[in-house]
Structures are given as structure tokens and as C-alpha cells.
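Residues per chain are reported as follows:
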Amino acid sequence: MQNDRLTSASERGPLGPRSRRVLPSWVSTMVLLLPTYGWLTLAVFLPLLTMFVFSFMSATPMGKAPIVFTLKQYRAFIDQPYLVGIGINSLLIGFWTTLFCAVLGFLAAVALVQSTLGKTREILLILILLPFWTNGLVRVFSWTMVLRENGFLDNLLHMIAPDAGSIGFLYTRYAIVVGLVHGYLPYMILTCYIALVAIDDAIIEAASSLGARWWTILFKILVPLAAPGLISGSVLIFIPVIGSFMEPRILGGRVGVTMGTVIEDQFTQAFNWPLGASLSFTLLAVVLAIFATFSGVLRRGTAV
Amino acid sequence: MKPLGRIYLVAILIFLYTPILVMMAMGFNASPLYELPFSFSLQWYEALWSNTVLLTAGLNSIVIAAITAVLATALGTMASVALSRRTFRGRSFLQLMLLPPIAIPWLITGTAMLIFFYWSGIGRGMHALLIGHVALAIPYVVLVVGTGFRTIRADLEEAAMSLGSTPVHAFFSVTLPLLYPSILGAALFAFAVSLDQFVISYFLATPGYTTLPVQIYSSIRKGFTPEINAISTVLLLGSMTVILIFARFAKPGDTRDKR
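Line by line, the protein sequences are chains A and B. Residue numbers for the first sequence follow this note's numbering, beginning at 4 and rising by one. Residue numbers for the second sequence follow this note's numbering, beginning at 154 and rising by one.
If you are wondering where the hints come from, they were derived from the structure by calculation, not from laboratory data. By construction, the Cβ of each residue, glycine as well, lies at the ideal position given by its N, Cα and C atoms. Be a bit skeptical, because a hint or two may be false.
[What the hints assert, rightly or not] Once the Cα atoms are required to be at most 20 Å apart in a straight line, the calculated DMTMM-like pairs of lysine to aspartate or glutamate come out as:
no.	chain 1	residue 1	chain 2	residue 2
1	B	K155	A	E208
2	A	K223	A	D203
3	B	K155	A	D204
4	B	K155	A	E125
5	A	K223	A	D204
6	A	K75	A	D204
7	A	K223	A	E208
8	B	K375	A	E125
9	B	K375	A	E152
10	A	K122	A	D204
11	B	K155	A	E152
[Said to hold, decoys possible] Short, incomplete list of chain B residues facing chain A, as computed with Cβ under 8 Å:
no.	residue
12	T262
13	I291
14	S392
15	I396
Work out the full structure, taking the sequences as your base and the hints as a guide.
In C-alpha cells:
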């Protein structure tokens, strides 16, 4: 038990008249931790384990058909080549969303640090982060009002050019990316901002007094020093985006077929749970590989 | 550079808020097909008032969020006490184990829950939703309360104990009052996480027991009217209010020592 000890005074044993019977500290540590980790086991870890087992089954164990354990679900990408195209589509949507978020978000963070101060900055930060903590589904839905034919965007255009056609692009891949960028941009602004405020102003002043132009300052100082923020923001955006399904469904219509929607279909339409499970686990493998690659940067990012 | 930066920030805010404001405005537009020009009408809010399906789903969401807030805050705060104030073997592993509910895409967690709850006989419905929502909220509670712990000095509690207080008494009379804003903030945060949760709920809800986001999603897919804008507006304003109150209480980023 020498490893389980309180860091506080109680390790020095009973102190004073009011401490009667003191439990060994490892017992109370266990009591404090058990409910949380028991709950997480029931709700997250056991389900993931069960899904792993299901991914090797030949069919959903609901009917009378005998269940055989097989690797065929993991061969889906070979047996059903169209899945490869869908996988690439998901990765491309993830790539473009992350890229737009990185560029727009990094510049916004630079603008926050360089152009605002005190109360103004605080209010702007809250305004930027506020939508992030509201319902993502409703925000995606709201883009249909803007992008649809004869929607807000078209009406705006017709105020300037009454004879112009429709520029609404709902039910395209662009619409999906716009909706996703809208959803995750605040996150990138936050991670870049946290990295940028840590940079000493004196470095930038020194550079500019020595004649550095703004692009030199941007690419030689700000980007390298804010790289941890950019990378952790990118990882934490790319991962949920490749697993997204409601954004492609609502904004993509018929072209919105991604890994996310295929997995959703296996559970809600096709009732092929083993295939859904194996696709989910393939996705999870990608997610874990990304986390493993960037774990060093992410740990430094969260240790702030 | 300064004015350019400010113009850019305003552009970002316009990008972030335009769709939301358009969506909200359309809830007050008389046309059922979202046609312009705009003519003000409260008819969709009146229709909402008699739409028992949406109202029931909304009530379910609030009940689930409230229970989630209480349970997740209680469990998460307990875990946070152990993780912040004690050293033991496996602590960093346990901290790492808080990440999967946040970091793994909800689609994967949600479908895994669906399989496990079906297979184990737990089933779907309100209790399944609660199991899922509490699990998603706990990591946030541990993080928020853990940040609170970092701002209070451990030696205050030690001082109380060296003066004869029991560890439990010292915790409740010294640490808890100092931690109170963080705990309240964590509870609000858990409430908001549950209120806005869609993906997990989508897989665990039953036709007889849904939450508001699930009901909104099925309405969007089946063909919708401005009633959906009306209820969405109420939902957005509700969660924005909760988050703004949270920001006042927990002061995220405020690490000044409360001594």
C-alpha cells in the first residue's frame, strides 16, 4: 500500500482528538474513484468491447440464423469497392474542413491578440465561442435557410443584381464543408489563441524594429511558435469531422454519402450491425493512429 | 494592422452568426415555405404551443439534462478530489481514461452503446439515455472541478486537519465552499452538454421516448415547417443562457489564486 497515500496531512496519522477512526487512504481513494470509472466502464468501455466482438460476427444476432465468427466484415473495403470512394470522400471533407478552419482560425486568433485588448477581447472571445456550445444540429439546420435556392444568400444577391440566377449551393460537397467549418472554427480560434497569447510581445517588437515585414513576422515567428495550437486544433477538428453524419445528411442530400452516413445506415436502415461495427472500428483505428502520431503535441497543448 | 484585424474579426462574427440569425428570423416569418419578403407573424410559436410531440420531447430533454447535471457533478467531483489531491499508482492512466468519451467520435460511442445495451438487455429509452449522457458529461466535470482545485491551496485543508478537523469535515467546511463556484459551473456545463447532445441520443432514443434534438432531426428529414425554427430558437437561446451563466461562474481561463 506504500503507493497509495494521501499527499495531505492525514498520512501523518490521526491528528488531534476529533480524528477517530481513519480509513486507510487507498480505501477512500477507491471509494471516490469507483463510481466514475464504474459508470464509464458500463457506458463506454464495455460497449466498445462488445462492438469489437460484434465486428467479427457473420450476421446481426437477432434472427434464427446461426452466428459464425469471421473476418469478412473487415474485408468490406475489398468486397465492396464503392466504400473506398466513400472513405476518400470522408477524408477529403475532413482535409478541406481542417484546412479552412486552420487558415481562418489562425488569422482570427492573430487578430484577437494583435488588435484587441482587455474587455473588448474578452467579449469577442465569448461571442466567438458561444455558438460552439450550442446545438450543432440546429446550426447545421440554419445553413439550409441560407444556402437553399431562393434562400438568404440568393435574396442578398438579388438585392444587388435582380436578374442574377441562383447561387445557392445546398446539397453539394461545398455546403457540407461550409457547415462543418462553421461548426468547428471556434475551436481552432481558441487553440491558436491560447498558443499565441503565450508569445512575448517583445519578440515581435524586436523583429519589426529590426525591419522584419509582416509576412516575415507571420511565417517566421507566429506560425512556428503557435504550431502546437494549430496542430492540436487540427487534430481535434479532423477527428470528429471524419465521423460526422448529420452534416452530410442535412447539407449534402444525395451527394452527402460519407463513412459516417454509411455507418449510421448499418444501424438504422440496413440492420447489418456487424458491418457497422467493423466500419466503426476501422474509423476508430484511424482516430487512434492520429492521436498516437500527435500525442506529444496534444499533451503539451493540454498541460497549459 | 489594427483596423484590418478588427474588420476581419467582425467578418468572422458575421460568418458565425448570420445563419443562426436567419434561422431565428424565419421562425417569425408568416410563409410556411420560408418565402420572402418577410412578414412578421407569431403563428409558428402559437402552433408550437399545441405541438405536444415537440413539447414532450423538449420536456424530456430538460429532465434528462437536469438529472445528468446532478449525477455527473456528484460523481465527477468525487473523482476530481482523488485525481487532484492524491497521488497513487495508475493516476495518469485514469486521467487518460477520461478522454475516450470526449475524443472518440460520438457516432462510434453511440453505436457501441446501442449494441451493448441491446445485447445486455439494458435496452433503449430514458435510462439508456441517462447512462450515455452522464458518461459524456463526467470528463468535463472532472476537468472543470480539477481546474478549480488548482486555484485553491492544499495547505488550507491541511491546516484545518492539523487543528483537529477530520479529513471529511475539513473537506466539507474548507475545500467545498472554496470549490463551490467550480462545482456549480461544472453542473451548468454538464446540463448544457446533455441538452445539446444529439448523436448518442439518436441511437438510444425510442419512438416513445425522444429528446428535442432527436425530434428536430427527424422533422428536418421528413420535411419541416417554421415551427422547427421556433423550437430551435428556444433551444439555442436556452443553451446560450446556460453557457453565459457558466462563463460568469467558472471564469474559464481565470487561474488567479483565490487566497
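Need the list of violated hint numbers for this structure, in ascending order. 6, 8, 11
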